[in-house]
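Build the full structure now, drawing on both the sequences and the hints.
Protein sequence lines, in the order shown, are assigned to chains A and L. Position 218 (the first sequence) corresponds to 218 in the working numbering; numbering is contiguous. So the mapping is simple: the working numbering equals the position in the second sequence, first residue as 1, plus 1000.
Keep in mind that a hint or two might mislead.
[Said to hold, decoys possible] Using 25 Å as the maximum straight-line C-alpha spacing, the simulated SDA-like pairs for lysine to any residue come out as follows:
1) Lys222/A - Thr1193/L
2) Lys60/A - Ala246/A
3) Lys100/A - Gly1079/L
4) Lys245/A - Pro37/A
5) Lys222/A - Met1075/L
6) Lys226/A - Ala209/A
7) Lys223/A - Asn28/A
8) Lys46/A - Ser1092/L
9) Lys195/A - Met1075/L
10) Lys46/A - Tyr1202/L
11) Lys222/A - Asp1086/L
12) Lys157/A - Ser1092/L
13) Lys1164/L - Ser161/A
14) Lys46/A - Thr1193/L
15) Lys222/A - Ala61/A
16) Lys222/A - Tyr1070/L
17) Lys223/A - Ile1083/L
18) Lys222/A - Ala62/A
19) Lys119/A - Met1190/L
20) Lys60/A - Val48/A
Keep in mind the hints are simulated off the structure, nothing from the lab.
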Amino acid sequence: MRILFNAACAVTLASTFLSPVYAAEKINIATDATFPPFESIDANGKLVGFDVELMEAVCKAAELDCNIIAAAWEGMFPSLVEGKYDALISQLTVTEKRRKMFAFSEIYDHPIFRFVAKKDANITITPDGVAGKIIAVQTGTPMDAYVTAHMPNATIKRYDSGSAPFLDLTSGRADLVLGYQAQIVHSFLMKDEGKEFELTGPQMTGKDAKEFGEGVAIAINKKNTKLVEDINEGLATVRENGTLKALMVKYFGE
Amino acid sequence: MIGNFALSILAAGLMTLLLALTSLALATSIGLAAAFAKLSGNGFLSGMASGYTFIIRGIPDLVVMLLLFYSLPAMLNQGAEAIGLDIQVEFSPIAAGIATLGLIFGAYMTETFRTALLNIPKGQIEAAVAYGLPRLRIFFAIILPQLARLALPGFTNNWLVLAKATALASIIGLHDVMFRAKAAAEATSMPFTFYLIAAGFYFSVTLCSMLLLSIVARRTAAGMRELAS
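What follows is the structure, encoded as structure tokens:
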């Protein structure tokens, strides 16, 4: 009896600790769901956003059985390399450095980057115009890379979360925030706190500065060449049948 | 909308409590085993237990968690690949969380239990042995009731720290209170509201624990106060 009991305990423990994620042929796709309107968790705990809907459409078009997971940004890249996840979709900018670590699908969007400031701030967006001003950005993003490279005379404040720069802007501790235009409009300008603020300076993309990257794409484990093909095929389908265009209109109004 | 987000954060409280209570059970088991190992007089066992508490107490919780979740499976998989085995070992966030918190707080529990055991008068055990009581009887009738009373303050402390340390598991993607609070904060750009709700949750766990454990303390200490004074 005791042996039976012990054996049962051992099996339970082992199954809890070694539960393989790979049980079925499911494709595990991770996203850092803290970046509306691209990816976030809604009030009902559901993943929503442009990237999430696009990924679902791509999986459907390519007949892949996808499992989209809300993961933490920390460790998402090593997890992809190690095979914990098969792919990542999180507004990932394609860069040379990242290309060395994992494969990318075809680029599916060229995001627009914009500055936002107080309506009467009158700041000219040039390296000289922002000299002495305080710019808040999310750390490790293309925005961070851009201001670091091109605006050496501004004070740059870097934050871990996407929302923190806006808090600094409303409280007056920062003069400018650089972000994705869609993110600024959705998470800030449309809210009460954003009423006294406006987009300023030119619309910028990867064509204007290499720091903004070649565009955004889905990152895929390098070893999984079959998945790269499948996802590209799915992307081509949603591009042709108008799904991608419809999503862009829905989320960015373009 | 705020209400729904708040509800989703509190619903994740189940996950936090599951992690906290399972880790507590594991930590208590490890703590008891290692405390007895340290006091066993067996050089090998006490050496192992000392090594364990020494190493674990010297590494930050976060580092142990990241090592267990990311590095250990990768190492095991590479090892398996090297010897030609086609298996993929993978820890789920909850498993890695329980293992980490169990291991870390097991070390603190070890010290708590060891001190408590040392405070049980040796004469009582010697008397029991002289009366010919079997070892299990000695453990359950003499050691355990006193161990419970003596270890309770330290145990309470460890539990309160553990309950809050569960928030670390949000880093490895466990959908606990902290993870959901962050998600809600970013989805709505209202960090204060949702981090305050999370803070309220952890605080109420602490409050309930303190109430419950003070009742337990009164029970285990029944009859002791008169003796002490």
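Hints versus structure:
no.: 1; hint: Lys222/A - Thr1193/L; verdict: violated (41 Å)
no.: 2; hint: Lys60/A - Ala246/A; verdict: holds (16 Å)
no.: 3; hint: Lys100/A - Gly1079/L; verdict: holds (24 Å)
no.: 4; hint: Lys245/A - Pro37/A; verdict: holds (16 Å)
no.: 5; hint: Lys222/A - Met1075/L; verdict: holds (19 Å)
no.: 6; hint: Lys226/A - Ala209/A; verdict: violated (33 Å)
no.: 7; hint: Lys223/A - Asn28/A; verdict: holds (15 Å)
no.: 8; hint: Lys46/A - Ser1092/L; verdict: holds (20 Å)
no.: 9; hint: Lys195/A - Met1075/L; verdict: violated (52 Å)
no.: 10; hint: Lys46/A - Tyr1202/L; verdict: holds (24 Å)
no.: 11; hint: Lys222/A - Asp1086/L; verdict: holds (19 Å)
no.: 12; hint: Lys157/A - Ser1092/L; verdict: violated (35 Å)
no.: 13; hint: Lys1164/L - Ser161/A; verdict: holds (22 Å)
no.: 14; hint: Lys46/A - Thr1193/L; verdict: holds (20 Å)
no.: 15; hint: Lys222/A - Ala61/A; verdict: holds (22 Å)
no.: 16; hint: Lys222/A - Tyr1070/L; verdict: holds (18 Å)
no.: 17; hint: Lys223/A - Ile1083/L; verdict: holds (20 Å)
no.: 18; hint: Lys222/A - Ala62/A; verdict: holds (19 Å)
no.: 19; hint: Lys119/A - Met1190/L; verdict: holds (22 Å)
no.: 20; hint: Lys60/A - Val48/A; verdict: holds (16 Å)
Comparing the model with each earlier hint shows violations of hints 1, 6, 9, 12; every other hint is respected.
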